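Visitor: One line per chain: the protein sequences are A and B, in this order. Positions 1 to 288 (my numbering) are the ones given, in order, by the first sequence. Positions 1 to 115 (my numbering) are the ones given, in order, by the second sequence.
Since the hints were made in silico from the structure, they are not lab data. Among the hints, erroneous ones may be present.
To be verified - Pairwise CB distance ranges (calculated):
1) A:L48 with B:T76: 29 to 35 angstroms
2) B:T76 with A:R53: 19 to 25 angstroms
3) B:G101 with A:T251: 26 to 32 angstroms
4) A:E107 with B:P96: 40 to 46 angstroms
5) A:M25 with B:T68: 48 to 54 angstroms
6) B:D27 with A:R142: 38 to 44 angstroms
7) B:R65 with A:G267: 20 to 26 angstroms
8) A:A232 with B:G101: 19 to 25 angstroms
Unchecked claim - Residues from chain A that face chain B, not an exhaustive set, calculated with beta carbons under 10 angstroms:
9) G72
10) A209
11) R223
12) I234
13) S240
As the structure is a computational prediction, the values presented were derived from the model and not from experiment. Built from N, CA and C at the ideal position, the CB exists for glycine as well.
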Amino acid sequence: MRSVGAMSDSIRAMTAQLVSDPASMIFLPLGEALRQRGQLDAAEKVALAGLGRYSESADAHDLYARILGDRGQLELAFDEWDIALRLEPDHVGAHKGIGFLYFVAGELDRALTHLETAARKLPDDDGAQTALARVKEALARRAAAGNGAGRETETAVPTEEQAAVPGADPSRLFLGLEGADDGLLLLDTRGLRLGGGLTSPEGDDVADAVSAHLAGVSQEASRTARLLGLGAWISLAAESPDGHLFVVAPTPETLLLLVREQSVPLGRLAVVADHAAGVARAWLEGLQ
Amino acid sequence: MPEFATALDSITRVHGVRGAMLVSVSDGLVVAESSMDGVDGAPVAALTASLAGRLRRTTEAAGRRLPTFIHLRAATGTVLAVPSNDDLLVVTIGAPDINVGLARLEMLHVAERGI
Numbered sequence: 001m002r003s004v005g006a007m008s009d010s011i012r013a014m015t016a017q018l019v020s021d022p023a024s025m026i027f028l029p030l031g032e033a034l035r036q037r038g039q040l041d042a043a044e045k046v047a048l049a050g051l052g053r054y055s056e057s058a059d060a061h062d063l064y065a066r067i068l069g070d071r072g073q074l075e076l077a078f079d080e081w082d083i084a085l086r087l088e089p090d091h092v093g094a095h096k097g098i099g100f101l102y103f104v105a106g107e108l109d110r111a112l113t114h115l116e117t118a119a120r121k122l123p124d125d126d127g128a129q130t131a132l133a134r135v136k137e138a139l140a141r142r143a144a145a146g147n148g149a150g151r152e153t154e155t156a157v158p159t160e161e162q163a164a165v166p167g168a169d170p171s172r173l174f175l176g177l178e179g180a181d182d183g184l185l186l187l188d189t190r191g192l193r194l195g196g197g198l199t200s201p202e203g204d205d206v207a208d209a210v211s212a213h214l215a216g217v218s219q220e221a222s223r224t225a226r227l228l229g230l231g232a233w234i235s236l237a238a239e240s241p242d243g244h245l246f247v248v249a250p251t252p253e254t255l256l257l258l259v260r261e262q263s264v265p266l267g268r269l270a271v272v273a274d275h276a277a278g279v280a281r282a283w284l285e286g287l288q
Numbered sequence: 001m002p003e004f005a006t007a008l009d010s011i012t013r014v015h016g017v018r019g020a021m022l023v024s025v026s027d028g029l030v031v032a033e034s035s036m037d038g039v040d041g042a043p044v045a046a047l048t049a050s051l052a053g054r055l056r057r058t059t060e061a062a063g064r065r066l067p068t069f070i071h072l073r074a075a076t077g078t079v080l081a082v083p084s085n086d087d088l089l090v091v092t093i094g095a096p097d098i099n100v101g102l103a104r105l106e107m108l109h110v111a112e113r114g115i
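Generate the whole structure from the sequences, applying the supplied hints.
Guide: Spelled out as structure tokens, the structure:
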């Protein structure tokens, strides 16, 4: 992993190069570096300027789609990856991105097609391989359910790093807490699930879909609090007729979602979420 | 629209409330506001409508029905929102020590009256 300092130097150098040569394709790695640092406004500005010059570049559309994805604007991200694939049907990044979006939307067959392409072309890409494995698992579960085997609880596929850390099994993240398997969800700010699980009242696994949407919610909450001069956001609660949602950020890079029945008061959710956030922080420290 | 302002007054009387407003969800514009001293209504409306829209999509993805009450707690203040009929959102801005329970009841009352 590159240090923050090295990345800052790299960004400065790429920015200088882009200033001296605005037509340079350096906007692609510069935009990606800014995105990875979470500087989404700056990354978007760079990407859009690049797209203004190179509207036929699949890489530029792919970059912009990833930024939109980080913002939680999944429909717009889909459109950009779709454009990238029209321009370059074998574009790996677009296959990977669109495959992930199909996966979270529950369209597993379409997800499989795109992720198989991405994984075949990027055999060393952990993200593509893990996403493909998850889709295959979900398809297998669906087939088993169709054969009368009944619904099984999804088990997240741990990354290589997680698998290598004792006690870092994401399925055991909230072990011992109320709702450890269903109703507690830890995700990163890109909307990818890190641990825990969530099912709908009908019993469908909705953890990945909710994670994808929640990343945008947290960015919006942060933006709202900041622009209204309210400082950093602390928590976000939503009350609905058939359940309460409560969101906190255990660390700047992660979000914790707690979902409970409507009979559980919001005040109690705050206490449970605080406890679960402490557990999540300890688990995350174990990964480092 | 004096009837809107009158309805919102019941919310602004609650302890800790700095202001209340009605927001159009579809375009994020202020429809009516009450006692918004020191608070610029336009950005509050736009940001809260956007946040409510994202939360709506999240609860849908979770297989739950649409939110009836939203509470954003921040370091130096609070934003509350209650969707009403007719594409409207009742929004309240409050201090950290706002009486959330009472504000929530008044907001639900305003929303249920079908402004």
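Visitor: All hints, please: hold or fail.
Guide: Right, here's what the structure says about each hint:
no., hint, in the structure
1, A:L48 with B:T76: 29 to 35 angstroms, "holds, 33 angstroms"
2, B:T76 with A:R53: 19 to 25 angstroms, "violated, 43 angstroms"
3, B:G101 with A:T251: 26 to 32 angstroms, "holds, 30 angstroms"
4, A:E107 with B:P96: 40 to 46 angstroms, "holds, 44 angstroms"
5, A:M25 with B:T68: 48 to 54 angstroms, "holds, 50 angstroms"
6, B:D27 with A:R142: 38 to 44 angstroms, "holds, 40 angstroms"
7, B:R65 with A:G267: 20 to 26 angstroms, "holds, 21 angstroms"
8, A:A232 with B:G101: 19 to 25 angstroms, "holds, 24 angstroms"
9, G72, "holds, 7 angstroms"
10, A209, "holds, 4 angstroms"
11, R223, "holds, 7 angstroms"
12, I234, "holds, 5 angstroms"
13, S240, "holds, 5 angstroms"
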